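J.: Below, each chain spelled out in residue letters.
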Amino acid sequence: MDVASFLEQCGIGITSGGFLGLIAVGYTLVYGTVGLIHFAHGDVVMLGGCLSLAILSFLVPLPVDPLTGCLVVVLAATCSGLFCGCLNVCIDQFVYRPLRNAPPLSPLVSTIGVSFVLMNVGLIWIGPTDRAFPEIFLESTRSVGGFSIAMADLLVLVIIVPPVLCLYLLFRQTRFGRSLRSIAAITRATARSGEAGKLVIAAFFISGFLGGVASVAAGVHATTINYQMGHQMGLYALTAAVLGGIGSVPGALVGGLIVGLIRAISVALLGPRWAIASVFLVLIIFLAFRPQGIFGKSKTRGGQR
Amino acid sequence: MNIQCASLSCLMKWSKKNWEIPVFTILALAPWFHPALAGGLGGQITSVLIICIAALGLNVMVGFTGLLHLGIASFFGLGGLFLAILTVPMNPLEIGFLPAVFVSVSVTAAIGTLLGSPTLRLRGEYLAIVTLGFGEVVRVLFLNLENVTGGTQGLGPIPPPGSGIFVTGIDLGREFVVDSRWFYYLSLIVLFVVVLLVRVLEKSTLGRAWIAVREEPLAAATIGISATKVRLSAFTIAAGIAGLAGCLSVASIGTTGDPNAFGFNRSVAILCAVIIGGLGSISGTLVGVTILFGFDIVVIPWVDSWMQRIQEQVFDVSFFTLGSWRLALVGIALIVVMRFRPVGLIPSRRFAAELQESQQ
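So the protein sequences, as listed, match chains A and B. Using our numbering, the letters of the first sequence map in sequence onto residues 1 to 305. Using our numbering, the letters of the second sequence map in sequence onto residues 306 to 665.
Since the hints were made in silico from the structure, they are not lab data. Note that the coordinates shown come from a computational prediction; the quantities given were computed from them, not determined experimentally. Misleading hints may appear alongside valid ones.
Claimed, not checked - Simulated coverage check for chain A against chain B, where a stretch passes if three residues somewhere in it have a Cβ under 8 Å from a Cβ of chain B:
1. 235-243
2. 262-276
3. 286-293
Just so it is clear, CB atoms sit at the ideal spot from N, CA and C, and this is done for glycine as well.
Okay, chain A solo, but in the shape it has when bound (with noise of 0.2 Å):
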């Protein structure tokens, strides 16, 4: 493999790594909040998936020109992130509210549940065979200073650099931001009270809004969707959100794009069959040498749940 194929796959694994990272960050802030590792929520970003696919093939006659192409795709990733959000919301207000006060594996197999029925749904919304993703564009590469970019990739990042953007201010400069990142160092019980109870709403919110935006980057970076797309992607995700210190935003991010590095470079070392394989494989030996994470605390208490 020569440098310049070498950088191409690291530049399919950024972009792709980004999303991840966003729907890494929604199983994050869900297990930094209540406690429950979401397993519904790559079906939930299927939906959203789903939702955007369904808006850019009725909205305009696509391909178009790169403006309105930006436009058009913001506005997709606006509306499937409000739906993936309140979907979340509605799911937790719903399912996962009456078993806080459960056996902590009890709201697992809820969120198996949900996932069940979400996937059912989309099965029955897109069918059961691969969707194609709308072409945006009418040129699919531009070449700048040499390299040929695709144009699909800069898509990726208009739409995943703003909400990351966002999240660091809301983290790091919002009073509400720091509430809800301290939550996570309470325990579980809290979150029943009335004051947490709206954090946990807005991180339930928070997390299928990412969602909902990176479906959309997902859609425009793979070319089609189909139901089972989420149930891939959420495996990944929580790789990542797992790789880098579950409970900890920023380490979902640098573990959403070294889930995409390495997933690049094992597709264009051993071909894309070895790809999940090669992930965990590398997450299991890392986990082995650094059993928090990358970001993740310590732990205080030997082996508690």
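Go by the hints and put chain B onto chain A.
T.: For chain B alone, kept in the frame of chain A given last:
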């Protein structure tokens, strides 16, 4: 009939605590009650019994020891794969069924130990994701190492147990192929043995050490229980039992089948069955698996074929199948059970007591 009733009531009295005896007696007699149970449904009920075995293995880890394991199906698949490698005519080994089961269960248990040893210092979610990842790695290896595993086709044909053994002039191997009741009884006997084994383990020193480590690792350490060793033993036993179930499964189907059946979905389904049944409860595990997988494998195809017949008679076309809503039905069932019985359908006494304590 009278004698049967009398003996049953006698058994009931004797077995107030030993619920296995009546349940397994009924299951053993089941093929005589209804011809459909012996014939068409036989194979499917057998696969539910086999999954019960794997779920009991998972229960040792998740229920007794409190370690979240999301890759049990990979051990199920590994057990089956080793059995297939050791017995298919394609490979030169071709050792008999029983030694092959013995070898593959031991190798699967050893792999469980190998996975367990570097990962035991991980906390709950990290361990869960590592086992999940291990399961996916195994599935991908199954799919891609075609010359060992047969890829998506699977490895086969696996000779039935007892082939080449003649008892009073009857070829046992042929009997296993012709009559599905043979596998039904084989699985039933193995399930019974595993239930007894898990019960004995639960009451043993090791079982109490599992629960001690689950509840209070620190207190357990102060009285000299090594959490690492205890957890590792749970890892090993769970892997071994799941491997045994895998052996039975591939032997009854005759091939290892599509490796995707050993992936994350199957692991998660077995975990859900254990949790809705009631963590740490043997009877709960059996009930959970029977409800979840019985619904999925037996009830839905049966209802679908029935509805299709009616729809074709009335409207000439079949436009609605339960199968296309299968995922949603299972999902709603999981949500509803957890909403109204968060500790599971038949919780173990200890878990039930804990929940009451925490609510007061």
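J.: When the hints from earlier in the document are held up against this structure, which numbers fail?
T.: As far as the earlier hints go, not one is violated by this structure.
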